[in-house]
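Novice: So you can see what is in the structure, the chains are spelled out below.
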Amino acid sequence: MIPSVAPAPLQRKNALARFSAHRLFASPGGVAGVIWLAAIVAASLTAQWWLPYKTEDQDFTAVLSGPTAAHWLGTDELGRDLLSRIFAAAAGTLGTSLITVIVGVGLGTVLAMLAAAAGERVEAVISRVTEIMMSLPGTVIILAVIGAVGTNIPLIMAILGVLISAGIYRVMLGQAKSLQSQLYVDAAKVDGVSTPGISLRHILPGLTNTIVVQSALIFAVGMLIQAGLAFIGFGPPIPQPSWGGMIQGASQHVYDAPWLMVPTGAVLALTVLAANAIGNALGKTPNATSSHLPSAAARRRRASVVAAVGAAPVAAAGTHDAAAKGQLSVRGLCIGVDGGTPLVTDVSFDVEQGTVLGLVGESGCGKTMTALSLLGLLPSGVSVTGGQILWNGKNLAAATERDMEGIRGRDIALISQEPMRALDPMFTVGYQLTAAIRRLRKTGKAEARNEALSLLEKVGIVDAERILKTYPHQISGGMAQRVAIALALSGRPRLLVADEPTTALDVTVQAEILSLLRSLVKDTGMSVVMVTHDLGVVADICDNVAVMYAGQVVESGRTANILDNPRHPYTLALLAADPHANSAADMPERLATISGQVPQPKDWPAGCRFAARCQFAGSACATPVPLLASGSEEGLVRCVKADELAVEGLEWLATEVPTHRVLKIVEKDLA
Amino acid sequence: MALFISKRLLMALATVLVVAVLAFLLVHAMPGSPGAVSLGAGASQEAIDEVNQRLGWNDPLLVQFFGWLGGAVQGDLGISLIDGRSVSADLANRLPVTASLAAGATGLSAALGIVLGVTAAVRGGIVDRIVGGICGLAVALPSFWIGIIFVYLFAVQSSVFPATGYVPFEVSPQDWAMSLALPVITLAVGGAAFIARQTRASMLEALQQEHIRTLRATATPAWKILYVHALRYASLPIVAGIALQFIGLFGGSVIAEQLFAMPGLGQAVQNSVSTHDAPSVQGVVVIATVVVVAVNLVLELATKFLDPKLRAS
Chain A
1 MIPSVAPAPL QRKNALARFS AHRLFASPGG VAGVIWLAAI VAASLTAQWW LPYKTEDQDF
61 TAVLSGPTAA HWLGTDELGR DLLSRIFAAA AGTLGTSLIT VIVGVGLGTV LAMLAAAAGE
121 RVEAVISRVT EIMMSLPGTV IILAVIGAVG TNIPLIMAIL GVLISAGIYR VMLGQAKSLQ
181 SQLYVDAAKV DGVSTPGISL RHILPGLTNT IVVQSALIFA VGMLIQAGLA FIGFGPPIPQ
241 PSWGGMIQGA SQHVYDAPWL MVPTGAVLAL TVLAANAIGN ALGKTPNATS SHLPSAAARR
301 RRASVVAAVG AAPVAAAGTH DAAAKGQLSV RGLCIGVDGG TPLVTDVSFD VEQGTVLGLV
361 GESGCGKTMT ALSLLGLLPS GVSVTGGQIL WNGKNLAAAT ERDMEGIRGR DIALISQEPM
421 RALDPMFTVG YQLTAAIRRL RKTGKAEARN EALSLLEKVG IVDAERILKT YPHQISGGMA
481 QRVAIALALS GRPRLLVADE PTTALDVTVQ AEILSLLRSL VKDTGMSVVM VTHDLGVVAD
541 ICDNVAVMYA GQVVESGRTA NILDNPRHPY TLALLAADPH ANSAADMPER LATISGQVPQ
601 PKDWPAGCRF AARCQFAGSA CATPVPLLAS GSEEGLVRCV KADELAVEGL EWLATEVPTH
661 RVLKIVEKDL A
Chain B
1 MALFISKRLL MALATVLVVA VLAFLLVHAM PGSPGAVSLG AGASQEAIDE VNQRLGWNDP
61 LLVQFFGWLG GAVQGDLGIS LIDGRSVSAD LANRLPVTAS LAAGATGLSA ALGIVLGVTA
121 AVRGGIVDRI VGGICGLAVA LPSFWIGIIF VYLFAVQSSV FPATGYVPFE VSPQDWAMSL
181 ALPVITLAVG GAAFIARQTR ASMLEALQQE HIRTLRATAT PAWKILYVHA LRYASLPIVA
241 GIALQFIGLF GGSVIAEQLF AMPGLGQAVQ NSVSTHDAPS VQGVVVIATV VVVAVNLVLE
301 LATKFLDPKL RAS
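Read top to bottom, the protein sequences are chains A and B.
Positions 1 to 671 (our numbering) are the ones given, in order, by the first sequence.
Positions 1 to 313 (our numbering) are the ones given, in order, by the second sequence.
None of these hints come from the bench; they were simulated from the model.
Some hints here could point you the wrong way.
Pairwise CB distance ranges, derived in the manner of DEER restraints [unchecked claim]:
1) A:TYR255 - B:ARG85: 33 to 41 Å
2) A:ILE238 - B:ALA92: 32 to 40 Å
3) B:GLU205 - A:GLY339: 24 to 32 Å
4) A:ASP338 - B:MET178: 30 to 38 Å
Which chain B residues face chain A? A few, computed with CB under 8 Å, are given here [said to hold, decoys possible]:
5) VAL19
6) MET30
7) VAL151
8) LEU204
9) THR218
10) ALA222
11) GLY251
12) LYS304
13) LEU310
In silico SDA-like pairs for lysine to any residue, Cα to Cα no more than 20 Å straight-line [as the list claims (entries may be wrong)]:
14) A:LYS458 - A:ALA511
15) B:LYS304 - A:THR470
16) B:LYS309 - B:ALA219
17) A:LYS284 - B:GLU205
18) A:LYS445 - A:ARG492
19) B:LYS304 - A:HIS473
20) A:LYS445 - B:PRO162
Where is the CB? At the ideal position from N, CA and C, for every residue including glycine.
Using the sequences and the hints given, assemble the complete structure.
Specialist: Next up, the structure:
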């Protein structure tokens, strides 16, 4: 079946145009750039009507004068009015720079689209040619061209464009190729649209923004190079003014009339700035600062938030027993984007020594944020906004960065989802491991190496000697996760935070890693907080479970109780939807689904956050729901209907039933 | 590795050859025959013809080209039409000037640019915005304009540095450094801004990598994360940026050489283009290309050395 593709590119184009325009005018620099360029263009095009003097008018009463009423920007060595000359030169400068833009960006874009459309061989040839063009000394070649053709500025700017097109091609190629591999392009090919047709209709619109950005930047480059050429005497023929030539003239009088430098230089620099500002405003990738090491400014902001959290009394004391019980006790934890949206609200759980707690839920429920907050490693712009993280009685939520540096690695360690990306690609496994051991165990170099070897053996790596010498990209994902675990163990931590440690691995490797973790817990007596969406993992390794939904714990308790006797509809639904949780005997004909998606934090309702997707939701669900004892030992559940559901023994239905019908059934049953 | 190097060498050789052909053709398109250029206005047609005959101007193009190429391979780039001196000898005198200028400016740009870029990325906030603003201004101001301002400030107002001229290193290392100061600083303004932007972007990208979080989770001190791990990760694009800068400055030093009266390659190409001195133009183009291609080659090897993934393969 071929999807209908016609409307897609059209929509893309409009959306893109709107987005670009919006981004340009959202940036003050971009707005200023557009205004300045528009003003310069308008002024230069209308110059003949408003300029106070002709370019060659000489005023011998005011030679080399500064700004006066007669000459607003002063005069040069022949008493010629600078304002008039600057604007008389503007049209030529801007126009010929535009030639470079059209030739350079045009040729570069066409070459990129051609290379992307015509296959590998053509691409290889074009890439090779552009490679050669890029490794040429451009200025020298341009000068040699001037030697051959004279100072024919439009032609020279066109040749400059050809030289520049190689760089544009480089920028465009990747994007054109990725557009070419889109599904709707494949569909268009099947529909019989010709290759040039595809390039024009589907690829070109996708490149629009990059084309505009590059045009603005190349426009600036063109102006600078043109002015430079005029400065060294290869400008337009003599009586004709040019910005570079005027600065050259001014440089002769830097001793007796330094002012002469200012007006022309300022106009040239401002015009270049304007073009760059437009390019940068359009080319700015939004949301590009999710740094894992907050900048100094971000850390200062964070410090003030931390101080506030430390001072605030624990909110949410009313939810349930607030006394700290375990080695790790999280109480009423709230995490939010700085100055706005909450991401996690009122999360509480305990982890006792030597036990494993599973944090379960779909993506976007706040599991990972909760886990990272335990180490004080929340991404920039996100911080703990309330509650406590008690680690052996010490509140980590209010700890300083310095305190946390003492806790991380030594007390609490982290392993993450993608082992390949968790290891530094630039350093060997051996370097990373021994550096951590030396730092965390305060040992010497030789001792650290031996420790590294024994750690690697402990995590089940047989040829530890060889692995020490490898770089992360040289080992498999499972091996890398073992190395990451060894790295986490290097400080002999008492709590391991594992963020989906098996999700990115092959199924067979998953089982190995889980059994490794299990034996580590048994041998070392450390505790684990295991973030996962996989109930199989929970059943396999976790002693306790906290089910999270939309930033809240909706049900918690002992694993066996939760899996055998779930009380919250979300837990019911997760179990019904999990192929592994149903044994072969009672595997339903069709797995259940949970319709809809986890709501975005800004869309969280005041009442039960799961109500919109819940088969059992009723009018009582519209008010805030507390976390209450669920009846079974230590279990807690956040559902007003938990008891009713338990009494009725209702199950999450596999078939899609319109919610309103479910509601009616349930209300009737309950009546 | 040997295969890689020999492939790249072959490619470099091809590039130089292409440029040699290009330069040869360009020079032949120049107005005026060698005889006319060398004898100047007012020379008789017979005298011009005689010189053209002697220089082989009337031979087939291919013969002329291979004649030139044969000489070039042995280091003979012909004779200047203007003063009759050996082009090779002239360029050999000029190469150190441009090389010191380009190397000095690249070194200063790199040092300043990396410090500024890292500072902007690490400190963030207002510092980042100030550095960003300065860099934006620095790339927008033409280098010749900046150069004149520097001359005004440091040579006219206070004579800290000489305004123009070049003193060879052999004559006086101290004067050599002083004579290079202003042109090098002038060229480094834009260069440092370029490298600072590159460094800032690469550092920010490096800090977004997940392994930075692993480093923090194992209590790596912030300075070590920044200056050992993140900077190491960012080093590839930064090194590429520095090499690009050198290439640009090597060809682009012509403006600084004119401004500060430095007898370098840029001045040579400017003079010989103005006077239609074909052999000189051809010589400079080829020499500049050889240097630029060589730098590219070194860059590629450096990248290969810096990136463990490329080094292993």
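Novice: Are the hints correct? Go through all of them and say.
Specialist: Now for the hints, and whether the structure bears them out:
Restraint check, A:TYR255 to B:ARG85: a C-beta distance of roughly 34 Å satisfies the suggested window 33 to 41 Å. Between A:ILE238 and B:ALA92 the CB atoms are about 35 Å apart, so this pair conforms to the stated range of 32 to 40 Å. Taking 24 to 32 Å as the suggested C-beta distance range, the pair B:GLU205 and A:GLY339 conforms, at roughly 25 Å. Between A:ASP338 and B:MET178 the CB atoms are about 52 Å apart, so this pair departs from the stated range of 30 to 38 Å.
Evaluation of the B:VAL19 hint against chain A yields a held restraint, the C-beta minimum of about 6 Å falling below 8 Å. Contact between B:MET30 and chain A, as hinted, is supported at the beta carbon level, the nearest pair being about 5 Å apart and thus within 8 Å. At about 6 Å, the closest approach between the beta carbon of B:VAL151 and any beta carbon in chain A falls short of 8 Å, and the interface hint on this residue holds. Given hint, B:LEU204 at the interface with chain A, holds; its Cβ is 7 Å from that chain's nearest Cβ, closer than 8 Å.
The beta carbon of B:THR218 is positioned within 8 Å of a beta carbon in chain A (closest approach about 4 Å), and the interface hint is therefore held. A hinted interface residue such as B:ALA222 counts as satisfied when its beta carbon comes closer than 8 Å to some beta carbon of chain A; here the least separation is about 7 Å, so the hint holds. Restraint check, B:GLY251 versus chain A: the minimum CB separation of about 3 Å is within 8 Å; hint holds. Because the closest C-beta pair between B:LYS304 and chain A is about 14 Å apart, greater than 8 Å, the hint is violated.
Annotation: B:LEU310 was flagged as interfacial toward chain A, and the flag is violated, the nearest CB pair being 10 Å apart, outside 8 Å. The hinted pair formed by A:LYS458 and A:ALA511 meets the criterion: a straight-line CA distance of about 17 Å does not exceed 20 Å. Taken as a hint, the B:LYS304 and A:THR470 pair is honoured in the structure, with Cα atoms around 17 Å apart against an allowance of 20 Å. About 27 Å separates the Cα atoms of B:LYS309 and B:ALA219, which puts this hinted pair outside 20 Å; it is violated.
Of the pairs offered as hints, the one joining A:LYS284 and B:GLU205 holds, with about 14 Å between alpha carbons and a cut-off of 20 Å not exceeded. Simply put, A:LYS445 and A:ARG492 have alpha-carbon atoms about 18 Å apart, close enough for the 20 Å limit, and the pair holds. For the proposed pair B:LYS304 and A:HIS473, the alpha carbon gap of about 15 Å is at most 20 Å, so the pair holds. A distance of roughly 53 Å separates the Cα atoms of A:LYS445 and B:PRO162; the hinted pair therefore is violated under the 20 Å criterion.
Hints 4, 12, 13, 16, 20, counting from the list given before, are not met by this structure.
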